[in-house]
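**Q** As a plain string of letters, each chain reads:
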Amino acid sequence: MPKSTAPMTLRESLAFLDWVYNPFQSRDVIRVYDLLSTRTPSARGLWLNLGYWRDANTLDDACEAMAALLAERAGMGPADRVLDVGFGFADQDIYWTKHYQPQSIVGLNITASQVAAARTRVADLGLADRIDLREGSATAMPIPDASVDIVTALECAFHFNTREAFFAEALRVLRPGGRLVVADILPMPVEQCWVGRQQQRLSWWAVAAKFPIPEANRYTRAEYGPRLAAQGFTDTQVESIRADVYAPLHRHLAADPSVTQRLHPLARPPLQLALMVSAETIYRGLDYVLASARKPG
Amino acid sequence: MLDKNLLEILVCPVTKGPLIYDKARAELISVAGRLAYPIRDDIPVMLEEEARTLSAEEAEGYRKGGSAQLG
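If you're matching them up, the sequences are chains A and B in order. Read in this note's numbering, the first sequence has 217 at position 217, and its numbers run on one by one without any break. Read in this note's numbering, the second sequence has 4 at position 4, and its numbers run on one by one without any break.
In case anyone wonders, no lab produced these hints; they're calculated from the structure. Fair warning: there could be bad hints in the mix.
Unchecked claim - Derived coverage of chain A by chain B (criterion: at least 3 residues anywhere in the stretch with Cβ under 8 angstroms from a Cβ of chain B; other residues may be distant):
#1 57 to 65
#2 112 to 126
#3 141 to 153
Values in this document were obtained by computation on a predicted structure and should not be read as measured data. Where a beta carbon is used, it is the ideal one built from N, C-alpha and C, also for glycine.
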């Protein structure tokens, strides 16, 4: 397990502190994930997603349930060639290979440190012939036309510059009839009441500032399907699963101190502070959608 | 060590055209894009901003001797 237990260097700690406390800086995606490195709060594996909590009681179970949700929606099976963009540490790719046995999984990720760590994990598990991970961009894929059956993006498409450029590339590399499945973070539709609106803006801003989200990706779930269709996708389905993501995660973190203990000490106080506020307030501006679409043919 | 099957499923992210594997230099060459993508620790880095631009002579060299360079 390449999970990092080494203490952070002073330089890393200062950068981490700056990331957590300074709202006026913005980092690019690569620098944020390089900084977070392998310090994820999950107990087994290095899961980076927020989890799907409908039937889960632990963070790891919830993360696996999110991966399973995408695979089920895609109808993943032994005949499928899967392309997974923004794979993090490839936990979902390892999970899918074990539980759905797709023919192959190719992963693209622009964060070099994640690619290197994930490749080592996959090789250690003896899955290097099934899962092929490399440095590449979701908006300029090094993948031939019509060469994959399923494209997945688990909680990362909001980073892509832009999400629609990713939709266009996904359509290109999918074979006719191939499926795109995305778990994605969006702003909520704007509320009528003034207080609600302010809380929404703060909530969205807190996330967009910490994890760089291009302004072009800031639209609500009502626009998601039409934007997929505009790129040429059909059978678009977009549903909000936010009720099974944010509030139960928040309740879990508040109830289980061992999760925050696994974070770097510098990251604990802001999380503990946030946990004293209700989930409804903190996540008021955030939507979480499961979206799927099919390439015609 | 980069196997041939892997090379078959890679294209240049800019031109979407084929790549030539230059084993000696540890690079993947896109002749049409005049770009050389590095292979670092066996990981092909398929990002335009990480690629080296080929000179006209280099590109011509690969164009002529292209298939012979395949590793």
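**Q** State for each hint whether it applies.
**A** Results of checking the hints against the structure:
no. : hint       : result
1   : 57 to 65   : violated (count 0)
2   : 112 to 126 : holds (count 4)
3   : 141 to 153 : holds (count 6)
Checked against the numbered hints above, the structure breaks only hint 1 and satisfies the rest.
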